[in-house]
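> Dock chain B against the given chain A, drawing on the hints supplied.
Line by line, the protein sequences are chains A and B. Following our numbering, the numbering of the first sequence begins with 62 at its first residue and continues without gaps. Following our numbering, the numbering of the second sequence begins with 7 at its first residue and continues without gaps.
Which residues of chain A face chain B? A few of them, derived with a C-beta cut under 7 angstroms, are:
no., residue
1, 82
2, 101
3, 110
4, 209
Derived by calculation from the structure, the hints in this document are not laboratory data. C-beta atoms are modelled at their ideal positions from N, C-alpha and C, and glycine is treated no differently.
If you want the building blocks of each chain, they are given just below.
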Amino acid sequence: MESIIFYAFGGLAVVTALLMVTRQNPIFSAVWLVVCFFAFAVLFLMLNAQFIAVLQILLYAGAIMVLFIFVIMLLNVREEELKPKVLQFSGILGGGAAIYLIILFALGVLKEKVASFPILPADFGYVAPVGKLLFTKYLIPFELTSVLLLVAIVGSVVMGKRKL
Amino acid sequence: MITLHHYLVLAVILFCIGVFGVIVRRNMLVIFMSIELMLSSVNLVFLSFSRFLGSTDGQIWVFMVLTVAAAEAAVGLGIIVALFRNKPTLYVDEVKELKG
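Here chain B stands alone, though its shape is the one from the complex:
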């Protein structure tokens, strides 16, 4: 018997793997992918509560989160490409000057 708690704990584990990726990895692209993983695990929480409460409203908000994730991916990858053109590195520690 799978309950609400199973889904919530699974979403917590996946979210914390995303947090782990953001803390440990220094590669910009992997940090970005970890953020996508965290967004997706939040979607899992929305959907399990939507199933639990029997209301479709949660699914609408998942739709909004998907839109934000798509916009974020487009703009963020544009920023990464622009950064890479100025300074050919992928490590966040080496990009520390805002000017020059």
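Pulled out of the complex, with its shape left as it was, chain A reads as follows:
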């Protein structure tokens, strides 16, 4: 059962990622990426990370992708702008580089002996243990993320101004 879900949703993530990279219209890319993030969320659930899976759907598939689609529609790209404009042989070059990287990393991973997952405590990955760790051991990084978000807000407001 576990392996059926893993292969189904892992395959879905790979196929939708490939579709995202190869579509010409960025709006189709964005929609395929949303499907890919849902598949990611299922994989996160299988790894006992329930809280992060919900955050993945809320933040990535919700907020970030809505922002992307919003910007794509705002930009009002003309039809001739969407023509594929790639460097010569870049497909072969990029595909070769990607396959080379996959083989390199996979060989590195598979060199170690196969490690199966241990049994976990029942509440692993729920909101309570994650939140407890977030507000005790990782309090300072957590507070610093709020500064990061503030900087991002100020930065996007400055970028959005018509005249700098």
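Relative to the frame of chain A, chain B by itself:
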């Protein structure tokens, strides 16, 4: 039986699809989406090691990566909109002058 290695190899494949997108595509928005895909596959590695080691610390770092991705999306899309206002194109090759 699904092991740690299955998840690691899946994350590698997804990361390399993101690399492929950044190398091949010239459309700014698609390059940006490929970067989001790469960030998400790194999250998958964090979570599978967190599951493997039985420690919740990895999930905290995924939380941090999510925050950085949100900030990056907001600022990056702001930059794209500002660029598009000055030069109405989406192709990275045509944006090569820093001045004017």
